[in-house]
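What follows is each chain in one-letter form.
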Amino acid sequence: MVIIMKIIKTYLSLQTKKRIEVIDITDKVSKEILKSGITNGFAIIYVPHTTAAVTINEPDPALFEDIIKTYTKLVPIEGSYKHNEKYSGIPREQNAHAHILSSFIKPTVVVSIEDEKLELGTWQAILFLEFDGPRNRKVYVKVMGD
Amino acid sequence: MVIIMKIIKTYLSLQTKKRIEVIDITDKVSKEILKSGITNGFAIIYVPHTTAAVTINEPDPALFEDIIKTYTKLVPIEGSYKHNEKYSGIPREQNAHAHILSSFIKPTVVVSIEDEKLELGTWQAILFLEFDGPRNRKVYVKVMGD
Amino acid sequence: MVIIMKIIKTYLSLQTKKRIEVIDITDKVSKEILKSGITNGFAIIYVPHTTAAVTINEPDPALFEDIIKTYTKLVPIEGSYKHNEKYSGIPREQNAHAHILSSFIKPTVVVSIEDEKLELGTWQAILFLEFDGPRNRKVYVKVMGD
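Chains as they are written, first to last, in this note's numbering: chain E, 1 to 146; chain L, 1 to 146; chain W, 1 to 146.
All clues stand as given, with none of them false.
Same chains, same names: a pair is fine if it fits in one copy or spans any two.
Think about it this way: if two alpha-carbon atoms lie no more than 27 Å apart in a straight line, the pair counts; the simulated DSS-like pairs of lysine-lysine are:
| hint | residue 1 | residue 2 |
| --- | --- | --- |
| 1 | Lys-17 | Lys-73 |
| 2 | Lys-69 | Lys-28 |
| 3 | Lys-31 | Lys-6 |
To be clear, the hints were calculated from the coordinates, so they are not data collected in a lab.
Go ahead and model the full structure; you've got the sequences and the hints to work with.
Here you go:
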């Protein structure tokens, strides 16, 4: 299929509520895809922050607890971190764990679009990972296709 | 170079054989790229499952053992997981470890295509990561370019 | 916006200096984007190696130390690895930790381009992760857009 390429840039905002939190943003992202008018192509879902990330998995609240427990067991909030020492006395900068988790999981996923919809598997959802909230966060959604 | 964009969607199937397994799917993905007829562009290789993932590394069976051992040391199969409690009694749902690993590694990679081939480094292969098999699995391959 | 698609392939080289090292390559990548002449689209930043990776985070040297310490705590350099046994006696191949970290973090990120610039958040930088240096390394930059 030969297509005329379109590129649409949009974004969504969210207010996180907890220090560490998993938030299902599938509906919000889907709305941006629909608004773009692009029916076939792909979307880059991108978090422009260094203490958050985005991933894909099942939107099960019980699983969200397991994810948070496991992530913070692997990269503890309370640790001996040079970044936290450097900014000691600044409460908002005691967040090396969040940077490290974000560097590990990364702030972006690329998802195919078919028939104006994110082509996710049956159990998949787009999950925003807050590692240092509560904060106002943005997610860029760049859509390319026809 | 100005190109006429094409978008081809295809997928491959595989039957995994073990609970946790690393499978080199480079040849299968390469065949889909060739079939697409696209010579220059990129491919989104996407696993539509929440208990598997895809990555890139050397296809060395000894390394596959190390990967499996390390991943399951970091995220043990037998752990105290809310997701498993919620579905206690359902053997097929005792898989929180698989969801967590999938959320960490994520179900997608994007690879450049040049001359109808995946532009991988010398030692690189596309690796399917099964975390909760054996199961029938699909991998979407979306190819864009000219 | 309807666009004529262009695809430009380029790459950058770097010489790493340490066994494990985090290197900010944002400026180098940005130069390749500018050279491509593409103003709006996206870039695939891709490491064609199996013992390195690429991620996005804050370019803070104190944080780099925390990242290295945490990564090698999770996946120790000195461990009991089949890959290292298989190549025992070959010093350059005692690098299972590097393969495993690379398989976990993966060798690629996709970033949007707007106005000839990588659309990074305020604190974000493109970080090359060396897990088995010092080595000569390449990073592919594939740019698509108009």
